[in-house]
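Engineer: Here is what each chain is made of, one letter per residue.
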Amino acid sequence: MRKLKRRFHNMSLRYKLSASFLGVCILLVLVNGIVYFNLRQTIGQVDGVYSSNLELNKLMASLDGVQQSLYQYLETKSSAALEQYYVYEQSYQDLYSGFNTEITGSQGALLEKNIYNISNTYLGKTDGAVQAKRGRNVSKYKEGYAESQKLYQYLRSSIDTLNADNFQQNSKKYTVLRGSLNSLMVSALVLLTAAMTVAILWMTFITRSITKPLEELAKSANEIACGSIDVGFPIVETGDEVAIVAKACNKMMDSIRDFIARIMENYQREAEHIENELSMKNDLNEAQLRYLQSQINPHFLFNTLNAGAQLAMMEGAEKTCIFIENMADFFRYNVRKTGQETTLAEELELVDSYIYILNVRFAGDIHFEKRVNEKLVQVTMPGMILQPIVENAVNHGIRGMEGDGRILLSVYAQEGDVCVEVSDNGAGIADETIEMLMTSRAEAQQAQSDSPEGGIGLSNVISRLKRSFGREKVFTIEKGTDGVGTTVKIFIPATQTEQKEESSADDQSTGM
Amino acid sequence: MSGKSKKIRAMLLVCAGILILAIGMAVYAIRITLHVESPEVSGTGKKYEYHLVMIHSGVDDDFWKSLYEGARKEGEKSGAYVEDFGAAVSEDYSTEDLMEMAIAAKVDGIIVEGNQSAEMKELIDRAEAENITVVTMMHDVADSKRKTFVGINTYALGEMYGNQVVDALQKKNGSTDYSEGEPKVVILTDSSNEDSGVTLIYSSIRETISRSLNSVQVTSLDLDKSEDFESQEQIRNIVVNHNTRPDVVVCLSSVDTISCSQTIVEYNLAGEIEVIGYYSAPEVLSGIQNGTIRSSVDVDAAALGETCVSSLNKFLLKGYVSEYETVEIKMITKDNVGTYLEQNKDGGD
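First to last, the protein sequences are chains A and B. Numbering that gives the first Met the number 0 puts the first residue of the first sequence at 0, with every later residue one more than the last. Numbering that gives the first Met the number 0 puts the first residue of the second sequence at 0, with every later residue one more than the last.
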């Protein structure tokens, strides 16, 4: 039973429904079969209740036929009457041959036995009379007829009695059968009603067991549709397609949740990236701002310097004019190139202007030397890189030193890169400072911002170089031997040259 | 399990119960049908070895009923079914007709109330010729080939009646004082029964009376029983007529005894006419109790029936039996009627 239940449980919906319908159909057919069988049997009984009386009436008719045809034959000796006699005799024999011959306590059965035996005696007498008639033994056939007549009367009377007895019994049977037919009708009605009720309840039960998990699934689906992503589909152990759908939906929901988590992660990463970018821009802006803060209205100053140069030219003060022009160039470059791409050549020119200004300012104390491979100067690089490095070399290296302060700027090719090297013979640099500059950008920045001269800090320079070239190897600071001097190297990728050449060609072609 | 599911299961159980009930009803109906189908609606379906028939002239007489019951019960014991042959047939056949039917029906044995007709003797001989054992009862058929006769000692019966008559007359008139003429004694006999037994009883009564009393007028009244209801009218005639009114009436059948006592009650002649009756029918016993019947000769009918069947069985089994078997007779008077009434009461219960 339990096995059957489990098998039913694990069936597919189609088989479940088919099995249920089949079960109901079998139940109804069975019930109808029982009802039909009972009614048929009882109606058959009712039909056959008086059959024994009909048989006895036939027997009586045959007996009459035997006696009459015997009389006719004895009277007329006609062969037709004899033939009729034999026909009736045969029919009569056939009819009573099935009678009871045993001695029982039943009155009817005993009467049948008596009729059976008297009939045998009677037919013996009639046959004897017929034989005697054939043999023309008048006295014998008369005697035979008289005896048969007597027996005929006894038989009639006995058959009548049996018929009445049977009728009485059959009437009782009929009453009983009518009663049982009525009770059968009632029981059939009850049976059909009960079967129908069972069928309806069974179907309701089955339908409910199928639709309930579906309803639960639909409810969960609705909740999910409303946004409750954490709602799981109910685990239904129906073993049918609903269970498969529920499991599949649960798997799908797991996948969706996993996917969403991954998207969130990516989004966070992206946000971090954007934040990083924003902070880089912020660095640049900060550099520009600091620069602008250090220059009071550079445009005004630049224009004023140009006016000063022209005035010096008109007055014939050539040195003053050159000085002012160098200053104007320096500031123009600053105004134009800050935050933009430039070439190494332009950067070198700015350094020249800067050194010239400083030498005028400090009366030629700075000995600046350049060793430049001219083939490499067209390489592109971010603006305002070399000037802050040189400025650092002057401020932290050679200023205030005894003797001549020297600065050497070399440009050469090294391992596919263009190397710009700035070295001085100044006070040197502490290891802590180098490490601080190369690792901690924020602290270096702080240190730079605290410098009384202002200007663009080295860490800003390093940061812009890294971002511009997209690599780490862009800048090195080395201490000189015996703690004297500092060497700063910038590595510019050589590919920057070709791009610049292409862009220069483009500029030329457009007349710029 | 949820409540709803429990409810559905309970309903399913109830419906299954109804279903079983309905199937039970259907099975019950089938059983009724099968019961109806069986042929043994009345009587018992028991099988017997012998088929014996009892043929007598009595109809619904208590005496014959009791006799048949005794015979039937005895038959049951030995595997023989005793059929009350006349009762089974709807028409009113004579004893001879029934005898002839029984022979034609090839029964195993016949117990018949004999009479003196030649036809009866001839029928008994024919039955014996066809290997059907015949036992006569109550009245014998002289010179027939019947195997045995079971009855009562008619001479002793006559003597009993005679003694009762003498006793009655002596008590009524006081020894031999016949101031009102000779006392009349009427013996009611059956004219249709030409049995030597009746003659014997009659002569025995006469003989017994004459031994004790002189000048007693003893006559017999032949009641014509060939027609229904005639006997009761004849009894009334002799009782009502003052000239023919007897002092003592002797009845040789229980029907006559009851008819006679009823007539006496009806005409208020109790004490004037003494009735000496026959058999221990309830009406006879109550008649004795209230004094309308002086006494009654009782033949144990059941014992008589039993003896008939046992004799017949004895012959069927052993091939021999004694020619005469008698049963005891007793006199019921006011003194011992109580015992009989009690017996009847017990039997009735």
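In case anyone wonders, no lab produced these hints; they're calculated from the structure. We treat Cβ as the ideally placed atom computed from N, Cα and C, and that holds for glycine. Warning: the hint list may mix true and false statements.
In silico DSSO-like pairs for lysine-lysine, Cα to Cα no more than 27 Å straight-line [what the hints assert, rightly or not]: (1) B:K5 to A:K218; (2) A:K141 to B:K45; (3) B:K5 to A:K171.
Incomplete in silico selection of chain A near chain B, CB under 8 Å [said to hold, decoys possible]: (4) G97; (5) T100; (6) I102; (7) Q106; (8) L109; (9) N116; (10) I117; (11) T120; (12) K149; (13) L150; (14) Y153; (15) S157; (16) T160; (17) V197; (18) L200; (19) E264.
Pairwise CB distance ranges (calculated) [said to hold, decoys possible]: (20) A:E101 to B:E327: 35 to 41 Å; (21) B:E229 to A:G47: 23 to 29 Å; (22) A:S208 to B:V13: 18 to 24 Å; (23) A:A79 to B:A128: 18 to 24 Å; (24) A:S254 to B:L11: 39 to 45 Å; (25) A:N136 to B:E327: 22 to 28 Å; (26) B:A141 to A:K139: 29 to 35 Å; (27) B:E48 to A:D46: 36 to 42 Å; (28) A:A145 to B:Q169: 37 to 43 Å; (29) B:L11 to A:G43: 15 to 21 Å; (30) B:V13 to A:G231: 48 to 54 Å; (31) A:A145 to B:V264: 25 to 31 Å; (32) A:G231 to B:L11: 32 to 38 Å.
Engineer: Is the gap between the beta carbons of G231 of chain A and L11 of chain B within 32 to 38 Å?
Structural biologist: 33 Å, holds
Engineer: CB of A145 of chain A to CB of Q169 of chain B, is that within 37 to 43 Å?
Structural biologist: Since A145 of chain A and Q169 of chain B have Cβ atoms about 58 Å apart, the given range 37 to 43 Å is violated.
Engineer: Would the hint linking K141 of chain A and K45 of chain B be met if the CA-CA limit is 27 Å?
Structural biologist: Distance of about 42 Å is beyond 27 Å: violated.
Engineer: With a cut-off of 8 Å on the beta carbons, see whether T100 of chain A makes it to chain B.
Structural biologist: With a closest approach of 10 Å, the T100 of chain A hint is violated.
Engineer: Within 25 to 31 Å: is that where the Cβ-Cβ distance between A145 of chain A and V264 of chain B falls?
Structural biologist: 50 Å, violated
Engineer: Does the CB of K149 of chain A sit less than 8 Å away from some CB of chain B?
Structural biologist: 7 Å, holds
Engineer: Hint T120 of chain A vs chain B: min CB-CB distance below 8 Å?
Structural biologist: With Cβ-Cβ at 4 Å, under 8 Å, it holds.
Engineer: Minimum Cβ distance from E264 of chain A to chain B below 8 Å?
Structural biologist: With a closest approach of 43 Å, the E264 of chain A hint is violated.
Engineer: Let's test the interface hint: is any C-beta of chain B closer than 8 Å to that of Y153 of chain A?
Structural biologist: With a closest approach of 5 Å, the Y153 of chain A hint holds.
Engineer: Cβ-Cβ distance between A79 of chain A and A128 of chain B: within 18 to 24 Å?
Structural biologist: Because 37 Å falls outside the window, the suggested range is violated.
Engineer: Identify whether the interface hint at G97 of chain A stands, where standing means a beta carbon of chain B within less than 8 Å of its own.
Structural biologist: With a closest approach of 12 Å, the G97 of chain A hint is violated.
Engineer: Taking the closest Cβ pair, is I102 of chain A under 8 Å from chain B?
Structural biologist: 4 Å, holds
In summary, the numbered hints that this structure violates are 2, 3, 4, 5, 19, 21, 23, 25, 28, 29, 30 and 31.
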